[in-house]
Amino acid sequence: MKTGQVLNFTLNGEQVEVLVDPAETLVNVIRKKLLLTGTKRGCEEGECGACTVLLDGKPVNSCLVPAMKAHGKAVVTIEGISASGELHPIQQAFIEAGAVQCGFCTPGVVLSAKSLLDRVTLPSEEEIKTELSGHLCRCTGYVQFVDAVRLAARKLGRFHDRSGGDGGAGRSVV
Amino acid sequence: MNVQAYLTPRTAEEALEQLGRYGGEARLIAGGTDLMIWLKRKKYTPRVLIDITGIDQFRRLEFTGESLVIGAALTHAEVALDGGIRSLVPVLAEACASVGSPQIRNIATVVGNVVSAQPAADAAVALVALGAGTEILSRDGRRTLPVEELYAGVGRSIIDSTREIVSRIVVKAPGPGSGSAFMRIAPRQALALPVINVAVVISTAGGLITGARIAIGPVADRPFRPEGAEKFLAGVPVGDPGAFAEAAGMAGRESSPRDSLLRGSADYRRHLVKVLVRRALEEAAGRVDACKEGMPQ
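Protein sequences, first through last, are from chains Z and W. Oh and the first sequence: position 100 is 100 in my numbering, straight run, nothing missing. Oh and the second sequence: position 1 is 1 in my numbering, straight run, nothing missing.
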């Protein structure tokens, strides 16, 4: 008989309660129990970044995180960044920059990009590369990733900016 | 047997009580980035996981007097981004920023980097160069040991995570006149284990080096200190290129890297030790000058 443990957390803004195996990984709970399959299972040992989700706003490899670590916390998956079927400006930017090829790594990359753009309004190329360094794209579309994040930054600047300027550089974080 | 419970104690005492209650069948988990893989591979088969990252006192990062205290729950990202650590202990900030990827650094703890006991673990190599100490809690009480004495072999720590907790790391912050640097060579810039990594900490007075500590990985079953090179550096003028090259050569001869299909030949890796030790000494020496000219006003 399997032992279950109650996991309570916020998933994409909604409170979720689910019974999980105590050492089950977050990616398995998200995909198999909660049926959100936008989060991909790739290497399953933290090397590829395909399973990246935001845990309290920070990108983590959900294949290495026990689901119970999310207890009382907020998780955002690719399904959670846009409302009512509309694309998030970052997703739109990825399409326009040609940064999506086979698409397997894309959900994770978009979430890392979101985490960066939530902290830094206009990231430098170096900041973008560092933030995306935990993602492998076997279609090798890395240059387009940088283009896409820059384009997304401009889109978000227009989106959010109420002061008329273009925002300026945000707080720089490694 | 599957893990049957995931516990989240709020205090160190509660965690120790839980470890005691399960008598060796419970294991601590911090970030879990190593442990989750080991569980999958059945390296360990605990009945209970005890997650210590919700313990408030383990979340502390503070400078107390001359020491920097890093609690057991602090992640590589938290340490790498801390302004105080970046300016006073750059070797540790640089090493923490080199571990894994942003996703790993956001959850993997610095104490975990030590307890996993890999000889080339970047943060642990820096901590050995810094002469950092650890505080270890168990039901028998509290003891302290240097980071470099926690190693029992490759991937084996003397810490028994079914019985004891490394609650914090204590680094005596290098004072004025000191400098430090971390360097690594890896196949790529991220998500790659180092072919060689090197951490250097020097203390100086009156333009002379008064003490040097060098740690190198992976050239032994634990972070390796070339003691001959360290001794040679005492009394050497800061930034003397000939002396730095000489010390780097000694460090290379003292190291015994293995031939590795993954990491390169022993000869090549010994050459890298020389190159990285010299560069790290030069970088650390440059930072001594930066300190002398004054910290940010």
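There may be inaccurate statements among the hints.
Unchecked claim - Covered by chain Z, according to a simulated footprint, are these stretches of chain W (three or more residues, beta-carbon under 8 Å):
1) 96-109
2) 134-142
3) 205-218
What the hints assert, rightly or not - Calculated Cβ distances over 12 Å to all of chain W for the following chain Z residues:
4) Thr10
5) Gly13
6) Gln15
7) Val16
8) Lys58
9) Ser82
10) Glu86
11) Glu96
12) Val100
13) Cys102
14) Lys129
15) Glu131
16) Leu132
17) Gln144
18) Lys155
19) Leu156
Keep in mind the hints are simulated off the structure, nothing from the lab. C-beta atoms are modelled at their ideal positions from N, C-alpha and C, and glycine is treated no differently.
Hints, one by one, checked against the model:
| no. | hint | verdict |
| --- | --- | --- |
| 1 | 96-109 | holds (count 8) |
| 2 | 134-142 | violated (count 0) |
| 3 | 205-218 | violated (count 0) |
| 4 | Thr10 | 17 Å, holds |
| 5 | Gly13 | 21 Å, holds |
| 6 | Gln15 | 19 Å, holds |
| 7 | Val16 | 17 Å, holds |
| 8 | Lys58 | 4 Å, violated |
| 9 | Ser82 | 22 Å, holds |
| 10 | Glu86 | 27 Å, holds |
| 11 | Glu96 | 25 Å, holds |
| 12 | Val100 | 20 Å, holds |
| 13 | Cys102 | 20 Å, holds |
| 14 | Lys129 | 8 Å, violated |
| 15 | Glu131 | 6 Å, violated |
| 16 | Leu132 | 8 Å, violated |
| 17 | Gln144 | 18 Å, holds |
| 18 | Lys155 | 22 Å, holds |
| 19 | Leu156 | 20 Å, holds |
Of the numbered hints given earlier, the model fails hints 2, 3, 8, 14, 15 and 16; all others are met.
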